[in-house]
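Line by line, the protein sequences are chains A and B. Residue 608 in my numbering sits at position 608 of the first sequence, with consecutive numbering throughout. Residue 1168 in my numbering sits at position 168 of the second sequence, with consecutive numbering throughout.
Treat the hints loosely; a few may be bogus.
What the hints assert, rightly or not - Derived coverage of chain B by chain A (criterion: at least 3 residues anywhere in the stretch with Cβ under 8 Å from a Cβ of chain A; other residues may be distant):
(1) 1007-1019
(2) 1050-1063
(3) 1072-1084
No lab work stands behind these hints: they were computed from the structure. Backbone N, C-alpha and C fix where the C-beta goes; we use that ideal spot for every residue, glycine too.
Spelled out from the first residue to the last, the chains are:
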Amino acid sequence: MFEKIISHVETPERSAHSEGNFYSKTNTSAGPGMNERIQKLRKLSVETEPSLSIERALHETAFYKENFGKMSTPVLRAANFLDHCRKKEIYLGEGELIVGERGPKPKCVPTFPELTCHSVDDLNVLNTRELQRYTISQKDIDTYSREVIPYWAGKTQRERIFSHVPEEWRLAYEAGMFTEFMEQRAPGHTALDGKIYQKGMLDFKHEIAANLDSLDYLNDPLATDKAEEWKAMDISCDAVILFAERHAEKAEELAATESNPERKAELLKIAEICRWVPANAPRNFWEAIQMYWFVHLGTITELNGWDAMNPGHFDQHLAPFYSSGIADGTLTRDQAKELISCFWIKVNNHPAPPKVGITARESGTYNDFTNINIGGIKSDGSDGTSDVSYLMLEVTEELHILQPGCSVHISSKTPDQFLHAATRVIRQGHGYPSVFNPDVYVLELLRQGKSLQDAREGGCSGCIEVGAFGKEAYLLTGYLNVPKILEVTLNNGINPVTGIRVGPETGNPETFESYDELYAAFLKQLHYVVDLKMRVSNYIDRMFAKYAPAPFLSVVTEDCISRGKDYYDGGPRYNTSYIQCCGLGTITDSLASLKKHVFEDRKFGLNRLLKAVSGNFEGEEVMRQTIMNRTPFFGNDDEYADSIAVQVYNDLVDAIDGKPNIKPGGKYHLNMLSTTCHVYFGKVMGATPNGRLAGKSISDGTSPSHGADTHGPSAVIKSLTKFDQVRSGGTLLNQRFLPSLLKKEEDIRKLGHLVRSYFTLGGHHIQFNIVDTATLLAAQACPSDYKDLMVRMAGYSDYFNDMNADLQQEVIERTENNGF
Amino acid sequence: MSSPLTFDIKRYAINDGPGIRIVIFLKGCNLNCAWCHNPESISGKQERMYAQSKCIRCGTCVVACPEKAISLTPEGIETDPEACKICGNCAEVCPTTAIELSGKPLSVNEIINEIKKERIFMEQSAGGVTFSGGEPLMHSKFLIELLDECGKLGIHRAVDTAGLASTEVLLEVAQRTDLFLFDLKMADPERHRNWTGVSNEKILENLKVLAENGAKIIIRIPLIGGVNDDELNLIETAKFVSGLSGEKKEVNLLPYHKIAQPKYQKLGKANDFRILNEPTQESQQQAIAIFQQYGLKASIGG
């Protein structure tokens, strides 16, 4: 008999109390990070305040002034990009191994006046608001106001769009029935496949040249357009090569005066790398990361596509370079980890470009949603995890920075060891990694018409949206406020907040005799608003194809070169437009409340309920409490509520899915993402029949309404898997856990089992919030919002809400003592 | 057969046996421990619970009560215990669930249906169902029926018991139980009687027999400062457990938390918590060390 079985797992066992102390803080340490270099770079990245750079806008304005009208639009865009790459300030920071910044220094964000031009007012707000501030000097504001703003007046993409939208669209938009993504930023959601590790820009230039040579100007009616697009793509390749070469020069320049021989050697190495990539395919691990980074910067400098850019399955792309480096002794595990750390910090150096107009006043997020996919499956269907996957998790845990947000992809083939390593990072409570299910999203992609290989090479970018990486333009067109549609239905097409008509007359609700009648009216409103949104999204889509093509992004997206078409013009192999439906929990609970109390139990008449709702339940607290406590709500594995959710979900799919967008073969699909939009959507709404008060947030993603789920995470999971998630392009489930539920190593494993269960049942995505003291305090202040918060003691569990103030205080103190 | 009352069903239970479990709490107990975390589990009858913190003083219950037993007070409501027949009308109409009736006569089928809902989680985690209480052995016929049904479904079955039952019943249950979570409060019979109302002689005998019959057992000991965390009791307990036949039993120490007070308030039960203390870190460590000396693997929590 063995006394103890010794195992050599790569994730060493460690006691739960050591969680949270994952780096050893010494007096000399500048913060987390594997060594001094990483600590310093991280510190700089974290502590630097985001600022605005007007450099790009100045270059662009000057370039447009001189060249607008002299070249075709694609060539103008590419030449503008080249011009900026030629002139922009090059930054190469102390100790950096991966080089390149979009702005003149870390955390310095350029503006994109061709899309939306910030006003002086906007810049002042950005400079002074409390949250998500972007600093800018008065001198720069003056320059902007003098040089940039006058030129773009009336010429921006945003103005082009808003001057053409129909009145009924504007009314619905202003009512908050939906949002429009493309009015502020270029359509994005781009993740790359593996091609840039096989081919360099010179290879792409060859392909482009061959296409140009074989153009049939006599018979191909699109020949001229294609030629212009190819010329533009070719120029954009030159731009990125030039951008890299200027870094090589900078590195050599710094090396000439560098006194430290080690750093001098590094700088010369950097110069060598920047002369090789992105012109050529990378030859080793370091070059592969730098290759991606130049491509990343190229795409986000050319335009400001939503959700920055994403390397896709980065661990899978880097794995061959890692293995060969380790095998031939040119790379060590620590070197690889250091390079990954440098890359992570680079991503963190790039906050999202700030918005304009009303939204500039609201706090947004610095996060630009670069979502690195770790693990998952390979294109041949085999397990995609490798040593690099574990390294990336390690770096994520160690650095705990805002960006990149990373996700782990757990297929049925993923080893438990990897899942466990991931749940340990989740345990830290930073909200990442989020967890995705390739077995389901591959089905989603197949259903949308992707080939098996393309589907398997796909994944999730941004938040939860699924796409065929490197081969698809999958544009998010905006969020749909589904509960608001019910609100409008209950007011016969009028927005009760303003009294303005925003939908068709679908009947005075007081005349509805059955739930089915009410639901039918809701469906009419739904179809009306979806069609309205699509009509304008299609139009905006064309505006981007015409006025803001993205030749560089087109170079790295499959089939754009062979088709001679831009990323925004149907060039990619697949073209999807997504509408993100928000508030499934709120709409389900509202319908359940109406169905049960009004039409079945006849507890209160529809009139009385509608009156209470429009009066924000004032004087109707008994009714509100009855609704909140005596209605079957979504998220409790309850057939009554869940069947309503299934019906709503299916009807959303029917209203949206499969409708053509205006690109060849392109279609609309839905996903169930809300990001932070559920907060905005709640603000534009009065109270809802589920007892939610006016202005309060609606439910997020596909999660249950706040506090509506009272039967624990397994019941939530059961509710969420009653609808067929494969018919969507992504769902989102937020789960909140107290750290005390994850005290022991075994508990963390059980969290992994919970994930496996959800995925076996067909779940797309799940993410965990391991709540902290701050949340507990908030829960104390507003208990009804935290009904689902569970506290577990040894052998005994209860809901936090059910505990008296003293005990809550006790738990709060105990939790803190444990170091969480 | 009339069903005993179920007072709670907990899903995603991760501290009551291996894996992810569903715990079925049956009402009624033959012990009356001073530190009981679930005071509503002791009586086998339905009980009315009232949480003043949730009460909005709407008066709905006052109107609904056929006995006119409820009156509004400035803080909430007051119920005349003499007049109240525990009919449950008030709980049914209370909009905030400030008034609840503890205990529902769920049938075997109804409970099995609840258990089935959690199958995927049990299967993924090698978890199962745990029957707890109260004292589940008090409802042995019902329990056996439940265990048999779970057995047919291939679900791992744990029974959380304090062990006070006829040995015959216990062995009957043991044939259908994959794991016992056997609660041991303390070793000395007199002290046991003082704190729980009954002697532990039968309990210890049952545990011995159970072990001799090869049942898989985890020993669970609530550790209460000033009650049973003294060296003498721990040594005696460890000696006894270590002397049980079969493999050395795993011991879970469950430190007492002052957490059940609101439940007592809800039930309108008096309880003097001042005499009960949370065990100190040192006494927890000491307890672990003592069990280790007797070759037993002990850990905090379970």
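Hints versus structure:
Only residues whose C-beta sits within less than 8 Å of a C-beta in chain A count toward coverage, and the stretch 1007-1019 of chain B has 8 of them, enough to reach three; the restraint holds. Under a criterion of three residues with beta carbons nearer than 8 Å to beta carbons of chain A, the stated coverage of the stretch 1050-1063 of chain B is upheld, 5 such residues being counted. Here's how the stretch 1072-1084 of chain B fares: 0 of its residues keep a CB closer than 8 Å to some CB of chain A, so the rule of at least three is not met and the hint is violated.
Hint violations for this structure: number 3 only, all remaining hints satisfied.
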